[in-house]
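Colleague: Produce the complete structure using the sequences and hints provided.
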Amino acid sequence: MARRRNTETFVVISPTGKVLLTAFFALFLVVLYLPTVLLIVFSFNAGTVAAFPLEGLTTKWYGLALHSESIRQALWASVRVATLSAAIATLIALMASYPLARRHVRGKAVISALMLVPLVVPTVVLGVALLILFQKGVIPIGLGLISVMIGHVVIALPFAVLILLPRIASIDKRLEEAAYDLGASGLQMFRRVMLPLIVPSILSAFLISFVFSIDEVVIASFIAGDQPTYPVYLYSGLKFPEKTQTLIPVATIMIVLSFLLAIAAEVIRRRGDRKLEGR
Amino acid sequence: MATAAQEPKAPLKRSRRETRNDGGSALSTYGLLAPMLIVLGLFFLAPLYYILLFSIALRRFSPTEALAALNGELNGFTTELWSKLVGVDVIVKLPGIDLTVPTMVVALIFIVLLLLAVSGGRISKDRGGWIVGIAFLLLLAPFLTLPAGNNLLRIMSLSSEGDSLRLFFKSVSMAMTSSVIAVIIAIPVAYFLAFCVGKSKYTWMLIVIAPFLTSYLLRVFAWKVILGDQGLINSGLMAVGLVDEAAPLTFLIYSQFTVIVVLTYAWVPFICLPIFLSFETIDRRLLEAAMDLGATRWQAFRKISLPIIAPGIVAAFLFVFIPSIGEYITPTLVGGTQGTMYGQSLASQFVGGAFNWQYGSVMALFLLGVVLLLTFATSRFLRSGAGGNL
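Each protein sequence line maps, in turn, to chains C and W.
The first sequence begins at 1 in this note's numbering and counts up one residue at a time.
The second sequence begins at 1001 in this note's numbering and counts up one residue at a time.
Among the hints, a few may not be true.
As the list claims (entries may be wrong) - Computed footprint of chain C on chain W; a stretch qualifies when at least three of its residues, placed anywhere within it, have a C-beta under 8 Å from a C-beta of chain C:
hint: 1; segment: 1038 to 1049
hint: 2; segment: 1085 to 1092
hint: 3; segment: 1367 to 1374
Claimed, not checked - Here are the computed lysine-lysine pairs in the DSSO-like style, where the Cα-Cα straight-line distance is at most 30 Å:
hint: 4; chain 1: W; residue 1: Lys1084; chain 2: C; residue 2: Lys18
hint: 5; chain 1: C; residue 1: Lys243; chain 2: C; residue 2: Lys60
hint: 6; chain 1: C; residue 1: Lys18; chain 2: W; residue 2: Lys1093
hint: 7; chain 1: C; residue 1: Lys18; chain 2: W; residue 2: Lys1201
hint: 8; chain 1: W; residue 1: Lys1201; chain 2: C; residue 2: Lys239
hint: 9; chain 1: W; residue 1: Lys1170; chain 2: W; residue 2: Lys1084
hint: 10; chain 1: W; residue 1: Lys1170; chain 2: W; residue 2: Lys1093
hint: 11; chain 1: W; residue 1: Lys1199; chain 2: W; residue 2: Lys1303
Hints are computed from structural coordinates only; laboratory data are not their basis.
A virtual CB, placed ideally from N, CA and C, is assigned to each residue, including glycine.
Modeller: In structure tokens, the structure reads:
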């Protein structure tokens, strides 16, 4: 077995090439993770400016950050916006995915296109467009967290559909038919047959939407008004070097958290894949 | 008889049969779709409609009026602001040619080229690719220079009043540079993962992609710590004495260079995936056969792998290029005055110093138009890059 794999590798790359490529990949990984590592290092920096040389280690910034009322408010705002927008986007996407995957829908091509367009619309454009919509009172919500949440739902929708729709489409149609033949109602069929099979995809759609929202700054910076989400707070802080040192610790925690969330989403999705293939 | 034979093909009947099989009615079908359509209609199409209105409104709003509620003030339409953006002249300077044409003409050529490329079966796929390529070159033209004698000659430039448009083309060329570099870095990484690491390749892929999913702001900020005047690189070079302490390398931060580096860095992990997936579709036996027949590894790569992964590479390029054109955060944080981009200027019309919502709407729609046109013209590649999921 091992020998076969070696010959396979040999076909596509020479031994020297492999060494070079491995070195390149190693360098790539170092550069890829260098910024994150530096941030973690600087979150313990005793100096007030994030610059070399380091002036000793301290955890005081973590203490300051944890006691800052404005940081806490921004974080809480972000968590609420992300949770709500991810839940709403996932729910709407779930509802829409089923007919798109299974039913005959008139104008399916147009609906699918409309649904995916938010993926390519520059966020700056969507941000200013929503700003006009809310600020000018076309839709009387005004600026604030609800507006931000709505903006995030629009962007998260296509992601959620792209995760849910292929999964629903891949479920054996006969399972549904059997449920109906046995007298299940539409809702019963969904709850007892469909839902158990797509729970991992629902979770991963939720997590992806959540991770997106908790990091989104462009749209939020236009329509958050005087209720900054955490990224907006961070963004305005990063423009002033003297403010940044207090922001780095929370940033570090957030990086680690979103990293874990993203990995969780992926692991859940894969487990779902395996479960479905096993049937 | 004739009508009976036609009837089973009628779409109405087929749909009824399908619905019955699914145990659902048309009502439930559209009922399930309704929330999504309402959200997209109210919060996606409506806002876009309102920036369109703003961009062509006859009346000029003062800043306070712009912020006030809408009271039917848009009582007439004009294209004045649009001509402020695109109504400038393009000066084409090629050896022997010195031509002044309106931007609209160039834009029209661009649009026609892109639409030609997607005009279905009329044009072969290969030629369609070439046409899209030429259209992209046209986008770059205002920044292309040719050596002429001892000077560099800009082959196309904009007349002096075209500041926004010049900024737009600058953004395009910055986005193009960073996406090309990103692709060049991602190809060997993807190749390595696809062919050299055996079974653990998916785990490695996850490790490569993970940074993409962490805070964008912070990754940009971290580059300030690396490239800044007292950053990692400068202080490292000072420590070994290559750079004088009083004169750090200032081009590293707050410049076009910084923006391009950071954009490339931010997107590379993301595009490793489509390229990796297209490498995965290559049948290894093809490569073995090629080498059995005496091809070198390079020849096998060029003649077999490259044509197979080409659509994936184009898709990867577009995944970076299209969103980078409208980039706003990165140049604000690390671009300084030299690395400004179109997205910043657009944002400043709404929340910054310039404050002209109507001209900002024109800029926004222009950007949206270009991006949608590019996406539409290249949707074939994008779809292949997304593994057919789109």
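Colleague: For each hint, tell me whether it holds in the structure or not.
Modeller: A quick look at each hint next to the structure:
Counting residues of the segment 1038 to 1049 of chain W whose beta-carbon sits less than 8 Å from any beta-carbon of chain C gives 9, enough to reach three: the coverage restraint holds. Coverage of a stretch by a chain is defined here by at least three residues with a beta carbon nearer than 8 Å to that chain's beta carbons; for the segment 1085 to 1092 of chain W and chain C the count is 0, and the condition is violated. Check result for the segment 1367 to 1374 of chain W against chain C: holds, 4 residues qualifying (beta carbon to beta carbon below 8 Å, three or more required). Pair hint lysine 1084 of chain W plus lysine 18 of chain C does not hold up; C-alpha atoms about 55 Å apart against a cutoff of 30 Å.
Proximity of lysine 243 of chain C to lysine 60 of chain C is assessed by CA-CA distance (about 15 Å); at most 30 Å being required, the pair is judged to hold. The straight-line distance between the Cα atoms of lysine 18 of chain C and lysine 1093 of chain W is roughly 47 Å, outside the 30 Å bound, and the hint therefore fails. A C-alpha spacing of about 15 Å is found between lysine 18 of chain C and lysine 1201 of chain W, which places the hinted pair at or below 30 Å, so the restraint holds. Straight-line distance between C-alpha atoms of lysine 1201 of chain W and lysine 239 of chain C comes to about 39 Å, which puts the hinted pair past the 30 Å bound.
In summary, the hint linking lysine 1170 of chain W to lysine 1084 of chain W is supported, as the alpha carbons are separated by about 18 Å, within the 30 Å threshold. Proximity of lysine 1170 of chain W to lysine 1093 of chain W is assessed by CA-CA distance (about 18 Å); at most 30 Å being required, the pair is judged to hold. A distance of roughly 26 Å separates the Cα atoms of lysine 1199 of chain W and lysine 1303 of chain W; the hinted pair therefore holds under the 30 Å criterion.
Of the numbered hints listed earlier, those contradicted by the structure are 2, 4, 6, 8.
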